[in-house]
Amino acid sequence: MESEPVEGMKNVKTAVARGSVLPKSPTGIQGLDQITGGGLPTGRPTLVCGSAGAGKTMLAIEFLVRGATEFGEPGVFMMFEENAAELTANVRSLGFDLDTLVAENKLRLDHVHIERSEIEETGDYDLEGLFIRIGYAIDSIGAKRVVLDTLEALFSGLPNHAILRAELRRLFRWLKDRGVTAIITGERGEHSLTRYGLEEYVADCVIVLDHRVVGQVSTRRLRVMKYRGSAHGTNEYPFLIGTSGISVLPITSISLDHGASNERVSSGIARLDEMFEKKGYYRGSSVLVTGTPGTGKTSLCAAFVDAACQRGERALWFVFEESASQLVRNMRSIGIDLQRWIDDGSLEIHASRPTLHGMEQHLLAMHDAILRAQPGVVAVDPISNLAFEANTADVKPVLMRLIDFLKQQQITGLFTSLTQGGTPAIEDSQLGVSSLMDTWLLLRNLEYNGERNRTLYVLKSRGMSHSNQVREFVMRDTGLDLIEAYAGNDRVLTGTARLVQEAQERVATQQRRLEHERRLRALTVKRKALEAQIAALQLEAEATGAEADSAVSQEASHAAAEKHDTRGFAGRRGGAARTTVSAIRTSARRKQ
Amino acid sequence: MNTRLADMDQRRTKPEWQLRLYVAGQTAKSTTALINLERLCKTYLAGRYEIEVIDLLKNPTLAAGDQILAVPTLVRKLPEPIKKIIGDLSNEARVLVGLDVKPMD
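Going down the list, the sequences are from chains A and B. Residue numbers for the first sequence follow the working numbering, beginning at 1044 and rising by one. Residue numbers for the second sequence follow the working numbering, beginning at 15 and rising by one.
Hint data in this document are derived by calculation from the structure and do not stem from the laboratory. Certain hints may be false.
Claimed, not checked - On the chain A side, residues computed to face chain B include the following (Cβ under 7 angstroms):
| id | residue |
| --- | --- |
| 1 | His-1156 |
| 2 | Glu-1161 |
| 3 | Ile-1162 |
| 4 | Glu-1163 |
| 5 | Glu-1164 |
| 6 | Thr-1165 |
| 7 | Gly-1166 |
| 8 | Asp-1167 |
| 9 | Tyr-1168 |
| 10 | Leu-1170 |
| 11 | Glu-1171 |
| 12 | Gly-1172 |
| 13 | Leu-1173 |
| 14 | Ile-1175 |
| 15 | Arg-1176 |
| 16 | Tyr-1179 |
As the list claims (entries may be wrong) - Computed spacing ranges between beta-carbons, pair by pair:
| id | chain 1 | residue 1 | chain 2 | residue 2 | range |
| --- | --- | --- | --- | --- | --- |
| 17 | B | Pro-95 | A | Asn-1203 | 19 to 27 angstroms |
| 18 | B | Glu-106 | A | Glu-1147 | 44 to 52 angstroms |
| 19 | A | Ala-1095 | B | Asn-73 | 34 to 42 angstroms |
| 20 | A | Arg-1159 | B | Lys-116 | 21 to 29 angstroms |
| 21 | A | Arg-1216 | B | Arg-53 | 33 to 41 angstroms |
| 22 | A | Glu-1124 | B | Arg-108 | 26 to 34 angstroms |
All C-beta atoms in this analysis are idealised placements derived from N, C-alpha and C, irrespective of residue type, glycine included.
Could you put the whole structure together from the sequences, leaning on the hints where they help?
What follows is the structure, given as structure tokens:
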């Protein structure tokens, strides 16, 4: 399954590269030209076969109409079953106006009627009459394209198959010689491609159409079985017949060549935008939101489309679970008023049951709605419901196609997917589409401490740094918000547990602050005491100093007096004076 | 172009049998068919028929009118209903069945 698309793409690319070798006539049919690498072989017949109602005639007529209107190649439609009026009425639903094209000589319709009961064979004959009719039709408008729908009616009309087969061989040879690009349709046979083995004659290009019903839902598929001289996509591609013709869905969808925008769009939740570099999703990216029931997927969608409408963009919301009015009512409970956007036409909600039609029809309805509304954002809620009836393998190509389409239109897409609670692999998007997504948000319910709380985290987001944190996803009547979950110690706490933890922290903080203040006060007191002590000592020091000064001056006056006395004594007694002075000094020191 | 081979012995009113033979050029098959047709008519419808031969190579637009695919094709325009007989008319019994003509004796 995974390798097929890659291989298919290679083939298509090679076919394009070799396009110059084999001239091709574009069909103008969406997707078919990509698969065939440019169209059907120019100047050669192509066999389109399939069961009744597979879309052979539609493909053939679109080939002619596109050729006439888009590529300037007039066409001839030789019909063997319905008449011109019936065909014109049938294809009007595809938007094709055959009457105008016929009037403008861009198209010629010729009904070849064969009634077995009217015909009697009476000998040798050939089909020159048919050749002449086709030849005349081609010449009258200079046709480059011819459709024969379906030659097999000849087999029931003409009993002599030996002559018929010889003539068919001649017919295809003749068509090639005329250089017209032809489509021959044929009914699917039991053991061969076509009931009468037309593939024996048309060997250049064979396209098989199929209409299968699986689980009561039908899907059309197209396969290029053979393309002589050209590479081509070999897969089966689902295709749609819609209001604008056939649309083939190459699973590989052309190539991955859509431009990438650097512009950002808001998710509708400011804190969620913060997780993506504070800017939100890339414009034109696809976002997957997965989660178990009740995790808030739809609410995320609502916030997303609401934000888009507030920016003045148009939004489309495809819902497969609720009706539009129910959705509007429910979203009002989380403070999102969608009704005003519906009223002013910026929001369209398309609610349908997934089982209403097959995958292809769903995709077609989305295509049509998107092309009509030209929205800036598209939400699909949920894609997992699309797989309710359909085979999961069918869902992926359809989604791939849708995502590619949105990217080419630079439309930001939000897809939700329901995952089953309790499955071991929570990172299972169920449909195998996660690889297609640029951003993946995972919503989870965490059950702890008797309550369940919603959490959100970003599983991946291409091309931007994004938060690795688990956030608590809160829905209030004022809107959605994300709260940083408590991520301390050994676990992440949410809800009441988070609140309790936060309260405990607050108390602890308060206590710490009080303790701190108390200590500060104590230290201040101690410092002040020390300062007072210092001041007292200072005073004492000053007093002591003063005393010392007075002692010095006292001593000086004593000394002066003594000197005076000594001189007087010396005058009377002579040399014995020195010893007496020393004795007096000593006694003075002792006094101090 | 259109070759009228009416039996002039009859009255000028339209004969009871209006036959139209479509061919594509002067091929062996178309020549054979015309010879066979004239012989049959003279034998079984003497005086009651008119044959119109249309060459589709010269008048391709006429092929659509009578829904002609195979050539030669003989169309019984009258009497109603329209019958078509394809081939070179060499199988006389089948031509008579196709034209709804009963052998006279």
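Evaluated hints:
1. With a least beta-carbon distance of about 5 angstroms to chain B, the hint placing His-1156(A) at the interface is held under the 7 angstroms criterion.
2. Evaluation of the Glu-1161(A) hint against chain B yields a held restraint, the C-beta minimum of about 5 angstroms falling below 7 angstroms.
3. The beta carbon of Ile-1162(A) comes within 5 angstroms of a beta carbon in chain B, closer than 7 angstroms, and the hint placing it at the interface holds.
4. Interface hint at Glu-1163(A): satisfied, since its Cβ lies 3 angstroms from the closest Cβ of chain B, which is below the 7 angstroms cut-off.
5. At a threshold of 7 angstroms, the smallest CB-CB gap from Glu-1164(A) to chain B is about 5 angstroms, leaving the interface hint in force.
6. Satisfaction of the interface hint for Thr-1165(A) is found here, the shortest Cβ-Cβ separation to chain B being roughly 4 angstroms, below the 7 angstroms cut-off.
7. Hint status for Gly-1166(A) relative to chain B: holds, with the closest Cβ pair at about 4 angstroms, below 7 angstroms.
8. Against a cut-off of 7 angstroms between C-beta atoms, the interface hint on Asp-1167(A) holds, since the closest Cβ of chain B lies about 5 angstroms away.
9. The restraint placing Tyr-1168(A) at the interface with chain B holds, with a minimum CB-CB distance near 4 angstroms, inside the 7 angstroms limit.
10. Hint on Leu-1170(A) holds. Least Cβ distance to chain B is approximately 6 angstroms, under the 7 angstroms limit.
11. Annotation: Glu-1171(A) was flagged as interfacial toward chain B, and the flag holds, the nearest CB pair being 4 angstroms apart, inside 7 angstroms.
12. Annotation: Gly-1172(A) was flagged as interfacial toward chain B, and the flag holds, the nearest CB pair being 4 angstroms apart, inside 7 angstroms.
13. Residue-level restraint check for Leu-1173(A) holds (minimum Cβ-Cβ distance to chain B is 4 angstroms; threshold 7 angstroms).
14. Interface restraint check: Ile-1175(A) against chain B, minimum CB-CB distance 5 angstroms, threshold 7 angstroms, status holds.
15. The interface hint given for Arg-1176(A) holds, since its Cβ lies 5 angstroms from the closest Cβ of chain B, which is under the 7 angstroms cut-off.
16. Satisfaction of the interface hint for Tyr-1179(A) is found here, the shortest Cβ-Cβ separation to chain B being roughly 4 angstroms, below the 7 angstroms cut-off.
17. For the hinted restraint 19 to 27 angstroms between Pro-95(B) and Asn-1203(A), the CB-CB distance of approximately 23 angstroms keeps it satisfied.
18. Glu-106(B) and Glu-1147(A) have their C-beta atoms about 50 angstroms apart, which keeps the hinted 44 to 52 angstroms range intact.
19. In this structure, Ala-1095(A) and Asn-73(B) meet the distance hint of 34 to 42 angstroms, their C-beta atoms being roughly 37 angstroms apart.
20. Between Arg-1159(A) and Lys-116(B), the C-beta spacing of about 23 angstroms keeps the proposed range 21 to 29 angstroms intact.
21. In this structure the hint that Arg-1216(A) and Arg-53(B) lie 33 to 41 angstroms apart at CB holds, the actual value being about 35 angstroms.
22. For the pair Glu-1124(A) and Arg-108(B), the supplied restraint of 26 to 34 angstroms holds, since their beta-carbon distance comes to about 27 angstroms.
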